[in-house]
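Undergrad: Residues per chain are reported as follows:
There are 2 protein chains.
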Amino acid sequence: MRIGILGTGTVAQTLGAKLVQLGHEVKLGSRTATNEKAAAWAKGQGARASHGTFADAAKFGEVLFNCTAGTASLDALKAAGAASLEGKILIDVANPLDFSQGMPPTLTVCNTDSLGEQIQRAFPGAKVVKTLNTVNCEVMVNPGLVPGAHDLFVSGNDADAKQAVTGYLRDWFGWHSVIDLGDITTARGTEMMLAAWIRVLMALGTARFNWRVVK
Amino acid sequence: MRIGILGTGTVAQTLGAKLVQLGHEVKLGSRTATNEKAAAWAKGQGARASHGTFADAAKFGEVLFNCTAGTASLDALKAAGAASLEGKILIDVANPLDFSQGMPPTLTVCNTDSLGEQIQRAFPGAKVVKTLNTVNCEVMVNPGLVPGAHDLFVSGNDADAKQAVTGYLRDWFGWHSVIDLGDITTARGTEMMLAAWIRVLMALGTARFNWRVVK
Chain A
0 MRIGILGTGT VAQTLGAKLV QLGHEVKLGS RTATNEKAAA WAKGQGARAS HGTFADAAKF
60 GEVLFNCTAG TASLDALKAA GAASLEGKIL IDVANPLDFS QGMPPTLTVC NTDSLGEQIQ
120 RAFPGAKVVK TLNTVNCEVM VNPGLVPGAH DLFVSGNDAD AKQAVTGYLR DWFGWHSVID
180 LGDITTARGT EMMLAAWIRV LMALGTARFN WRVVK
Chain B
0 MRIGILGTGT VAQTLGAKLV QLGHEVKLGS RTATNEKAAA WAKGQGARAS HGTFADAAKF
60 GEVLFNCTAG TASLDALKAA GAASLEGKIL IDVANPLDFS QGMPPTLTVC NTDSLGEQIQ
120 RAFPGAKVVK TLNTVNCEVM VNPGLVPGAH DLFVSGNDAD AKQAVTGYLR DWFGWHSVID
180 LGDITTARGT EMMLAAWIRV LMALGTARFN WRVVK
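Residue numbers (numbering that gives the first Met the number 0), protein chains in the order written: chain A, 0 to 214; chain B, 0 to 214.
Simulated from the structure, these hints should not be mistaken for lab results. Each hint should be verified, as a subset may be incorrect.
Each pair may be met inside one copy or between any two copies, as identical chains are not told apart.
What the hints assert, rightly or not - With a straight-line Cα cutoff of 20 Å, these simulated SDA-like cross-link-like pairs (lysine to any residue) come out:
| id | residue 1 | residue 2 |
| --- | --- | --- |
| 1 | 87 | 124 |
| 2 | 214 | 137 |
| 3 | 214 | 200 |
| 4 | 214 | 136 |
| 5 | 17 | 61 |
Everything numeric in this text was worked out from a predicted model, so none of it was measured.
Just chain A, with the same shape it has in the complex:
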């Protein structure tokens, strides 16, 4: 499959590398076509990896990932262009974290709205599915790094898109327990979990953990 990833940071590179390894064609997108980090990444990943602008990556991908910083996501998606998002699954991995005051970060949107909702409202033609935002990127692509059973969540308005993404999570990364929380407004729940996630990270001293809903 052709996959477009918006973003060039650690999350984008980690997801991209895993997808290339699985045989997919992956294009990372950034503000400029000459992003050195993206170029170096693509070179290291071989023939199936490439990079370009946000618009290039969005046009390229049959499925898209938003791996930009949450504070930059709406601008990145505007640069990508609504036409290239139309009808596509957009897997939103970003969290609206503001690190400007140091650790722990605050959220730039929460409680009565969420980044996932903002994106869905701004791009009604995209099928936004919020997921993977509650784990570290190494765990995203390798849930076995955390032993035993633990969970992911999906939020989105399009049931078929959520089902497809749940399949991708299983087949691409090995996620076998994915809880469908409901429509995109439920992204408030998983984005706000970051406030706890960050503090558990600080208490445990490791990002290699995940939530399990025990019932």
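Got chain A; can you put chain B on it based on the hints?
TA: Chain B in isolation, oriented as in the chain A frame:
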């Protein structure tokens, strides 16, 4: 031990009943000394149970629980009076949930502040320990209702108070895994988890679940 519980709702009654059953003396506090719900509860629990005003309960307790609605907690504690909180452990179980717009609720404070912090700031002489707010009250007093291992969290500025509360949670209710998140500002994390908790509740259709930090 003499335990004062601010609040007369389901959480207060459930915690109170368990503590009476364990042999403690428990006084529920409410706005008025003649609260019928509290009177009926006390009558049903026998000689070790009593009720009164917020001030009565706060004065009575060697250890205090805040089980009022989060939106009413600061007023309840003001009515209790700072003098009766001075030097005491105040176990803050409340969440600042606003149900005025129906389900799911929003939080009246979050992200850059928390109810736990508001209470600690308003009553600097109290040793506020935020805990138990991430589970349903039946699970609070009987973690075995949720099978297997799962976690609670404590937040507070006083290390000795947190250690004492961790002991109470173990000895009174059977909690064996309690994660110390740090000072009272970390209550933002567990209070904001309610946004996810409520949505997991709505997705699963049961409140008999809890979080496990898998690592």
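Undergrad: Next, verify each hint and record whether it holds.
TA: Going through the hints against the structure:
When the C-alpha separation of residue 87 and residue 124 is checked against a cutoff of 20 Å, the pair qualifies only within one copy, where the shortest distance is 8 Å, while the shortest distance between copies is 56 Å. In this assembly of identical chains, the alpha carbons of residue 214 and residue 137 lie at most 20 Å apart only when taken from different copies (13 Å versus 26 Å within one copy). Taking the shortest alpha-carbon separations for residue 214 and residue 200, only the inter-copy value of 11 Å comes in at or below 20 Å, while the best intra-copy value is 24 Å. Taking identical chains as interchangeable, the C-alpha atoms of residue 214 and residue 136 lie at most 20 Å apart only when they sit on different chains, with a minimum of 15 Å there against 26 Å within one chain.
Taking CA atoms no more than 20 Å apart as the test, residue 17 paired with residue 61 passes inside one copy only; the shortest distance there is 17 Å, against 56 Å between copies.
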